[in-house]
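A.B. asks: Construct all of the structure, not just a fragment, from the sequences and the given hints.
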Amino acid sequence: MILYVEEKDRIAQKKYLNQYFRLRKRVFSDQLKWKVPVIGDMEKDILDEAPCTYTLYIDQDDEVVGGARLIPTTQTTLLDHAFDGLIPSNISFKSPTIWESSRFCVDHDRSKAKLSAGAKKATLAISIGNYDYAVKNGIEFLIAVVEARLFEFSRNYNLDTQMLGEKIIDGGRVVCALYPITPEAGALADKMRPFVFDVACNSRAY
Amino acid sequence: MRIFHAPKFTQGYFGYRFPPELLDIFKEARDATSAKNISFWAPDDTNLKNPITGDFIIATTYPLWWIQEYAMKGYSSIDPVITDCLYSNAALFIDYTKNMDADNNRFYTAVLKSGVGEIGLSIPCHFSNEHRSVTTFTFSSSQNASKINSAENIKICRTFAHRIAEFLLARKGGFKAASKLNDRELQILKLIASGANYADIASAIELSRWTVIAHAKSMRTRLGVKNNAEAINIALKSELI
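As they're listed, the protein sequences go chains A and B. Quick note: my numbering has the first sequence finishing at residue 379, numbered continuously throughout. Quick note: my numbering has the second sequence finishing at residue 416, numbered continuously throughout.
Derived from the structure by calculation, the hints contain no laboratory data. Check before you lean on any hint, since a few could be wrong.
Said to hold, decoys possible - Anything over 12 Å on all C-beta distances counts as not near chain A; from chain B, calculated:
id : residue
1  : Gly187
2  : Leu239
3  : Trp240
4  : Gln243
5  : Ser252
6  : Leu261
7  : Arg307
8  : Asn319
9  : Ala377
10 : Glu381
Unchecked claim - Below, a list of computed lysine-lysine pairs in the DSBU-like style, where the Cα atoms sit at most 35 Å apart:
id : chain 1 : residue 1 : chain 2 : residue 2
11 : A       : Lys187    : B       : Lys248
12 : B       : Lys202    : A       : Lys309
13 : B       : Lys202    : A       : Lys181
14 : B       : Lys365    : A       : Lys181
15 : A       : Lys267    : B       : Lys248
16 : A       : Lys309    : B       : Lys248
17 : A       : Lys340    : A       : Lys293
18 : B       : Lys330    : A       : Lys340
19 : A       : Lys181    : B       : Lys183
20 : A       : Lys181    : B       : Lys248
21 : B       : Lys202    : A       : Lys364
22 : A       : Lys217    : A       : Lys181
23 : B       : Lys273    : A       : Lys364
24 : B       : Lys322    : A       : Lys181
25 : A       : Lys181    : B       : Lys288
26 : A       : Lys293    : A       : Lys187
27 : A       : Lys267    : B       : Lys330
28 : A       : Lys217    : B       : Lys322
29 : A       : Lys267    : B       : Lys288
30 : A       : Lys267    : B       : Lys183
31 : A       : Lys267    : B       : Lys202
32 : A       : Lys188    : B       : Lys330
33 : B       : Lys412    : A       : Lys309
34 : B       : Lys273    : A       : Lys187
35 : A       : Lys309    : B       : Lys330
36 : A       : Lys309    : B       : Lys273
37 : B       : Lys330    : A       : Lys181
38 : B       : Lys273    : A       : Lys188
39 : A       : Lys187    : B       : Lys330
By construction, the Cβ of each residue, glycine as well, lies at the ideal position given by its N, Cα and C atoms.
C.D. replies: So, in structure tokens, the structure goes:
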């Protein structure tokens, strides 16, 4: 199931949010060795204090398997905060209808389920969840900093994904990608939806 | 409370003068969305911890009597536009003719009676924790609800909500300075800045010269300045005049 946690829901959904912050610590700090702020067993940065939305994927055992953070680019984003210079200065990405997806992560131990194409079920579920949220909220583009290999993988779906910039960070090649929220993306999401969501528990139920 | 009132998208006579550039944005938004009314709310940053009872900056095309009733009956404490949207990024679609339950029945009934619109689409627009706002577009029930709640319409409303918020929140410094003054002190400050002396002002607003001097002294105290020149300087910087 996909759960959207808005700022007003943070106390009520504290259990799931804390699971997500713990997962972020395991993925970004422990596994990827990124220099991210860690408090105890959680990873949280200054942007988590600002108005933002979390897309969380929760499995049948009521555990968070993955998630992402959505922030309108009219606010301070991770691109401003940590990836300054990744996008050429002549490209303006600040718009009320362009939102940043950041801290996208999946618990690889829990997310065993794979689809035939090789994509993890949780990764796809969160991507569809982000797409659904975008449609419901008048968002035209999602912008994200992703590993280059993930960007190349997403290009296989012919969704007009654009690369705005690339850089080597901590020895790895990262890409700033722009994902348009188009009818084509919607058609693909609808095609994949039955493979990742139960009929009674899909991402549209929010 | 700073209210910019533009009933039926025309300059109002209640509260502050509706900035003409902002009225143009409101009209443009109305034409692009077919909204019946548009209403912007932003809590004063000093009252963010209690947005329900705190002061608001409001720019609205709602009828004056509805604004007064809304304030008098404390609807902001049960209006989901205020209770939800100021702490959310998600658009909020409400068909006031439906979804009634015990909690919101009283408010929804009042909204329907007010005639401001049967359907509301509220778009939060926050720039930071200190700069939050929500803009509501209301529509007539004769319009297609699914079209109002479509991605395309929400996108247009979101773009206008951002333009409105950007316009008003950029002037928030001015609102903060203005909030220190009462209406009479602000009126006298504007007249002083226009070059009028105390006698001219007294004659123009039909008060005694000594009363005008007392108001001017109170105005300087509240702004924390020693003379009228400094007060005018603050007013100019804050776009009060």
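A.B. asks: Now tell me, hint by hint, if it's right for this structure.
C.D. replies: A quick look at each hint next to the structure:
1. Non-interface status of Gly187 of chain B relative to chain A is upheld: no Cβ of that chain comes within 12 Å, the nearest being about 27 Å off.
2. Its beta-carbon lying about 30 Å from the closest one in chain A, Leu239 of chain B satisfies the requirement of being farther than 12 Å from that chain.
3. The claim that Trp240 of chain B lies off the interface holds: its Cβ sits roughly 30 Å from the closest Cβ of chain A, which is beyond the 12 Å cut-off.
4. Every CB of chain A lies more than 12 Å from the CB of Gln243 of chain B, the least distance being 28 Å, so the non-interface label holds.
5. For Ser252 of chain B, the requirement that its beta carbon stay farther than 12 Å from each beta carbon of chain A is met, with the minimum near 15 Å.
6. Against chain A, the non-interface label of Leu261 of chain B is violated: not every CB pair exceeds 12 Å, the least being about 8 Å.
7. Not every CB of chain A is more than 12 Å from the CB of Arg307 of chain B (nearest about 7 Å), against its label as outside the interface.
8. No Cβ of chain A comes within 12 Å of the Cβ of Asn319 of chain B; the nearest lies about 17 Å off, and the non-interface call holds.
9. Interface exclusion of Ala377 of chain B from chain A stands, the closest Cβ pair being 47 Å apart, more than 12 Å.
10. With 12 Å as the threshold on Cβ separation, the claim that Glu381 of chain B sits away from chain A holds: the shortest Cβ distance comes to roughly 47 Å.
11. At roughly 33 Å between alpha-carbon atoms, Lys187 of chain A and Lys248 of chain B fall within 35 Å of each other, so this suggested pair holds.
12. The suggested pairing of Lys202 of chain B with Lys309 of chain A holds, with an alpha-carbon distance near 25 Å, which does not exceed 35 Å.
13. The hinted pair formed by Lys202 of chain B and Lys181 of chain A meets the criterion: a straight-line CA distance of about 32 Å does not exceed 35 Å.
14. Restraint check: the Cα-Cα separation between Lys365 of chain B and Lys181 of chain A comes to about 41 Å, which exceeds 35 Å; the hinted pair is violated.
15. Distance check on the hinted pair: Lys267 of chain A and Lys248 of chain B sit about 39 Å apart at the alpha-carbon level, beyond 35 Å; violated.
16. Proposed proximity of Lys309 of chain A and Lys248 of chain B is supported: the alpha carbons are some 32 Å apart, at most 35 Å.
17. For the hint linking Lys340 of chain A to Lys293 of chain A, the alpha-carbon distance of about 26 Å falls within 35 Å, and the restraint holds.
18. For the suggested pair Lys330 of chain B and Lys340 of chain A, the alpha carbons sit about 32 Å apart, so the restraint of at most 35 Å is met.
19. A C-alpha spacing of about 33 Å is found between Lys181 of chain A and Lys183 of chain B, which places the hinted pair at or below 35 Å, so the restraint holds.
20. For the hint pairing Lys181 of chain A with Lys248 of chain B, the CA-to-CA distance comes to about 24 Å; that is within 35 Å, so the pair holds.
21. Taking the CA atoms of Lys202 of chain B and Lys364 of chain A, the gap is about 41 Å. The hint is violated against a cut of 35 Å.
22. For the hint linking Lys217 of chain A to Lys181 of chain A, the alpha-carbon distance of about 18 Å falls within 35 Å, and the restraint holds.
23. The suggested pairing of Lys273 of chain B with Lys364 of chain A holds, with an alpha-carbon distance near 32 Å, which does not exceed 35 Å.
24. Restraint check for Lys322 of chain B and Lys181 of chain A: the C-alpha separation of about 27 Å stays at or below 35 Å, so the hint holds.
25. Simply put, Lys181 of chain A and Lys288 of chain B have alpha-carbon atoms about 29 Å apart, close enough for the 35 Å limit, and the pair holds.
26. The straight-line distance between the Cα atoms of Lys293 of chain A and Lys187 of chain A is roughly 26 Å, inside the 35 Å bound, and the hint therefore holds.
27. Annotation: proposed proximity of Lys267 of chain A to Lys330 of chain B holds, straight-line Cα distance about 15 Å (limit 35 Å).
28. Distance restraint check for Lys217 of chain A and Lys322 of chain B: the Cα-Cα separation of roughly 39 Å exceeds the 35 Å cut-off, and the hinted pair is therefore not satisfied.
29. Restraint check for Lys267 of chain A and Lys288 of chain B: the C-alpha separation of about 40 Å exceeds 35 Å, so the hint is violated.
30. For the hint linking Lys267 of chain A to Lys183 of chain B, the alpha-carbon distance of about 32 Å falls within 35 Å, and the restraint holds.
31. Proposed proximity of Lys267 of chain A and Lys202 of chain B is supported: the alpha carbons are some 24 Å apart, at most 35 Å.
32. Of the pairs offered as hints, the one joining Lys188 of chain A and Lys330 of chain B holds, with about 32 Å between alpha carbons and a cut-off of 35 Å not exceeded.
33. A C-alpha spacing of about 40 Å is found between Lys412 of chain B and Lys309 of chain A, which places the hinted pair above 35 Å, so the restraint is violated.
34. This hinted pair checks out: Lys273 of chain B and Lys187 of chain A have alpha carbons roughly 31 Å apart, not beyond 35 Å.
35. The suggested pairing of Lys309 of chain A with Lys330 of chain B holds, with an alpha-carbon distance near 9 Å, which does not exceed 35 Å.
36. As the CA atoms of Lys309 of chain A and Lys273 of chain B are separated by approximately 19 Å, the hinted pair is consistent with the 35 Å bound.
37. Between Lys330 of chain B and Lys181 of chain A the CA atoms are separated by roughly 22 Å; this keeps the pair inside 35 Å, and the hint holds.
38. Proposed proximity of Lys273 of chain B and Lys188 of chain A is supported: the alpha carbons are some 32 Å apart, at most 35 Å.
39. Our distance criterion of 35 Å between C-alpha atoms is met by Lys187 of chain A and Lys330 of chain B, whose separation comes to about 30 Å.
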